[in-house]
Amino acid sequence: MSQKHRGTGIWARGGFQVDSSKQRLAFHAGLDQGGFLIPYLVMLLLEGVPLFYLELAIGQKMRLGSIGAWTAICPYLGGLGLASVVTSMYLCLYYNIINAWSFWYLFHSFQSVLPWAACPVNSNRTGPIEECEKATPTQYFFYRETLNVSPSIEMNGGIHAGQALCFLLAWVVYFTATFPYVVLLIYLIRGMTLHGALNGVKYMFTPKMEELANPTTWINAATQIFFSLGLGFGSLIAFASYNQYHNNFERQAIIVSLINSGTSIFASLVTFAIYGFKATINYENCLERTRTLLLNSFNLAEDSIIISNVFEMIEKLNTTFPEQFAELSNKLEDCNLENELST
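1 is the number of the first residue of the sequence shown in the numbering used here; add one for each residue after it.
Calculated lysine-lysine pairs in the DSS-like style (CA-CA distance at most 25 Å, straight line): (1) K208 with K278; (2) K316 with K331; (3) K202 with K278; (4) K278 with K134; (5) K278 with K331.
Label pairs and their computed distance ranges (CB to CB): (6) A135 with E288: 20 to 26 Å; (7) T292 with Y90: 47 to 53 Å; (8) F107 with T292: 39 to 45 Å.
Hints were generated in silico from the structure; no laboratory data involved. The beta carbon of each residue, even a glycine, is placed where N, CA and C say it ideally should be.
With the sequences and hints as input, model every part of the structure.
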């Protein structure tokens, strides 16, 4: 059986890789700031595209799956094919669970009041649920509603019907290959309209050059390429085995690699736009608390300190009232936008 339509092969590979990579790049880009993107692109050219090309060539030439292809190359390499199948199985289970969570949150987001915006009321209708008050509404919704965590490890909690349906939906490739782009575009438009979104985008593309000298950054980039392109999982060999014999797999390797990397960066833009909003709000709230503390401590006029001149007034008050300011210094918070972005 071969793929008569070339777009079907690209569609299947793109769907597999888009689902398996979009969560990781944003994490590493935040961990290493913009310095991660440079090693990522370098490793894409030196490692990603050549190995991607090689796996497509093996699959299309051998017309076999991962186990059969490696066994045909050398009988002693059959275990390599088996290992890749097991790894691929665990990867599919892991990432489709994340996709199921995404669908779960998407369906719940159509409510006029988001269920994770506030703690639910207890059974007596006297106040919020105590467990939720001790944590946060978002944590409570995730653990009690999304995961439906059982009270004890000895209790399995049964099948979560809603999550099971979302998990089933996550396996439909023709839907999951295109739907992420629609959702990401919606999120990007909404995210870029949020206050402080540009701070997050700027943080993503502002490299810490010292990170380029850190071997861990390059290791993370190389690992991300393997996850991003699905290298070593056996799936590419299996996909390519259905290609027509004279299919131009070189062009497919380049097209799919570019689509994948572009999608990963696109998804990171969405993530960092929301990070920027969250960090900016936290930063401005910190400045507002500092402003209120200074106004009350030094009996200043309400309009004498505004958000934009908080640091200027701190220096001025420290110079003018050094003893009084020294007593206050332990109460002052360290308001730093970059620290908020990196947490």
